[in-house]
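Engineer: Residue strings, one per chain:
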Amino acid sequence: DQQVKQNSPSLSVQEGRISILNCDYTNSMFDYFLWYKKYPAEGPTFLISISSIKDKNEDGRFTVFLNKSAKHLSLHIVPSQPGDSAVYFCAASAGGSSNTGKLIFGQGTTLQVKP
Amino acid sequence: NAGVTQTPKFRVLKTGQSMTLLCAQDMNHEYMYWYRQDPGMGLRLIHYSVGEGTTAKGEVPDGYNVSRLKKQNFLLGLESAAPSQTSVYFCASSWMGYGYTFGSGTRLTVV
Chain S
1 DQQVKQNSPS
11 LSVQEGRISI
21 LNCDYTNSMF
31 DYFLWYKKYP
41 AEGPTFLISI
51 SSIKDKNEDG
61 RFTVFLNKSA
71 KHLSLHIVPS
81 QPGDSAVYFC
91 AASAGGSSNT
101 GKLIFGQGTT
111 LQVKP
Chain V
1 NAGVTQTPKF
11 RVLKTGQSMT
21 LLCAQDMNHE
31 YMYWYRQDPG
41 MGLRLIHYSV
51 GEGTTAKGEV
61 PDGYNVSRLK
71 KQNFLLGLES
81 AAPSQTSVYF
91 CASSWMGYGY
101 TFGSGTRLTV
111 V
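Residue numbers (my numbering), protein chains in the order written: chain S, 1 to 115; chain V, 1 to 111.
A portion of the hints provided could be inaccurate.
As the list claims (entries may be wrong) - Selected chain V positions facing chain S (Cβ under 8 Å, derived; list incomplete):
hint, residue
1, PHE10
2, MET27
3, GLY40
4, MET41
5, LEU45
6, VAL50
7, GLY51
8, GLY53
9, TYR64
10, SER94
11, TYR98
12, SER104
13, GLY105
As the list claims (entries may be wrong) - Derived DSS-like pairs (lysine-lysine); straight-line CA-CA distance at most 30 Å:
hint, chain 1, residue 1, chain 2, residue 2
14, S, LYS5, S, LYS71
15, S, LYS5, V, LYS71
16, S, LYS68, S, LYS37
17, V, LYS9, V, LYS70
18, S, LYS68, V, LYS9
19, V, LYS9, S, LYS5
20, V, LYS9, S, LYS37
21, V, LYS71, V, LYS9
22, V, LYS71, S, LYS68
23, S, LYS5, S, LYS54
24, S, LYS102, V, LYS71
25, S, LYS5, S, LYS56
26, S, LYS68, S, LYS56
27, S, LYS71, S, LYS37
28, S, LYS102, V, LYS70
29, S, LYS37, V, LYS57
30, V, LYS71, V, LYS57
31, V, LYS57, S, LYS71
32, S, LYS54, V, LYS9
33, V, LYS57, S, LYS102
34, V, LYS9, V, LYS57
35, S, LYS37, S, LYS102
36, S, LYS102, S, LYS114
Since the hints were made in silico from the structure, they are not lab data.
For glycine and all other residues, C-beta sits at the position ideal for the given N, C-alpha and C.
With the hints as constraints, model all of the structure from the sequences given.
Structural biologist: In structure tokens form, the structure reads like this:
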């Protein structure tokens with residue numbers, strides 16, 4: 001049972017345009033959501049996160065939106081740059097007093113930004 | 001500033017052989033994790049540890065064992081490797097569940 005789903009395996013956008021990556025989850029206990037970026041032959045690196053008490057978080061060109069009623073989050077990259085080409089993973093955790101930091105990851109979306 | 005270091009980076013095993021993957025972190029993090037990445041599956045948690053001497057099962061623990069004898073090291077063992085364990089393995093550490101740092105991965109092929 002996939003608790004975190006990224007239904008688009010790949011996305012291709014033109015440089016300078018907006019990239020929108022989507023993620024759905026099923027577990028209502030998740031209260032913290034993260035996006036990771038991964039280049040080939042490297043480990044994932046943290047990009048941006050959002051707590052369930054917020055519906056939006058921005059960091060430069062990256063914005064994450066959370067819709068709790070729909071159990072959906074999205075990552076917007078504006079403007080997209082060729083260096084953004086990578087695999088993007090959505091992840092979720094259920095924190096609380098017994099937080100162990102276990103992350104449940106989606107399948108990943110490969111973003112290609114064309115010059 | 002090494003962060004999280006995984007050894008080896010590549011390994012080919014024959015079915016039935018055993019091996020140990022080593023993860024070392026120099027950030028004094030309490031929590032450490034082992035994930036595996038497979039095509040179309042994302043990263044799945046194998047085992048994790050919330051402190052020296054403690055370990056717990058993740059989503060896909062079967063066929064693996066772990067040990068955390070020292071705070072900075074987290075070892076992942078395969079007692080009898082199977083082709084289904086062909087994967088890329090990532091170790092990570094975090095400060096009390098936040099601020100994950102991943103290693104660069106170990107690519108394991110079981111033939």
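Engineer: Run every hint past the structure and note whether it holds.
Structural biologist: Hint check results:
1. PHE10: violated, 10 Å
2. MET27: violated, 14 Å
3. GLY40: holds, 6 Å
4. MET41: holds, 6 Å
5. LEU45: holds, 6 Å
6. VAL50: holds, 6 Å
7. GLY51: Violated, about 10 Å.
8. GLY53: Cβ of GLY53/V sits 15 Å from chain S, so the hint is violated.
9. TYR64: Because about 16 Å separates TYR64/V from the closest Cβ in chain S, which is outside the 8 Å limit, the hint is violated.
10. SER94: Holds: closest Cβ of chain S sits about 5 Å from SER94/V, inside 8 Å.
11. TYR98: holds, 7 Å
12. SER104: holds, 5 Å
13. GLY105: Cβ of GLY105/V sits 6 Å from chain S, so the hint holds.
14. LYS5/S - LYS71/S: Holds, because 11 Å separates the two Cα atoms, which is no more than 30 Å.
15. LYS5/S - LYS71/V: violated, 33 Å
16. LYS68/S - LYS37/S: holds, 23 Å
17. LYS9/V - LYS70/V: holds, 21 Å
18. LYS68/S - LYS9/V: Between LYS68/S and LYS9/V the Cα gap is close to 39 Å, so the pair fails against 30 Å, i.e. violated.
19. LYS9/V - LYS5/S: holds, 29 Å
20. LYS9/V - LYS37/S: holds, 20 Å
21. LYS71/V - LYS9/V: holds, 22 Å
22. LYS71/V - LYS68/S: violated, 37 Å
23. LYS5/S - LYS54/S: Measuring from Cα to Cα gives roughly 21 Å; hence the hint holds.
24. LYS102/S - LYS71/V: holds, 18 Å
25. LYS5/S - LYS56/S: The given pair, whose Cα atoms are some 20 Å apart, holds under the 30 Å limit.
26. LYS68/S - LYS56/S: holds, 11 Å
27. LYS71/S - LYS37/S: Cα-Cα ~21 Å, so holds.
28. LYS102/S - LYS70/V: holds, 20 Å
29. LYS37/S - LYS57/V: holds, 26 Å
30. LYS71/V - LYS57/V: Since the Cα atoms of LYS71/V and LYS57/V sit roughly 18 Å apart, the hinted pair holds (cutoff 30 Å).
31. LYS57/V - LYS71/S: The hint holds at about 26 Å.
32. LYS54/S - LYS9/V: Roughly 39 Å between the alpha carbons, so the hint for LYS54/S and LYS9/V is violated.
33. LYS57/V - LYS102/S: OK: LYS57/V and LYS102/S at ~11 Å, within 30 Å.
34. LYS9/V - LYS57/V: holds, 24 Å
35. LYS37/S - LYS102/S: holds, 18 Å
36. LYS102/S - LYS114/S: Violated: LYS102/S and LYS114/S sit about 35 Å apart, past 30 Å.
This entry does not satisfy hints 1, 2, 7, 8, 9, 15, 18, 22, 32, 36, going by the numbered hints stated previously.
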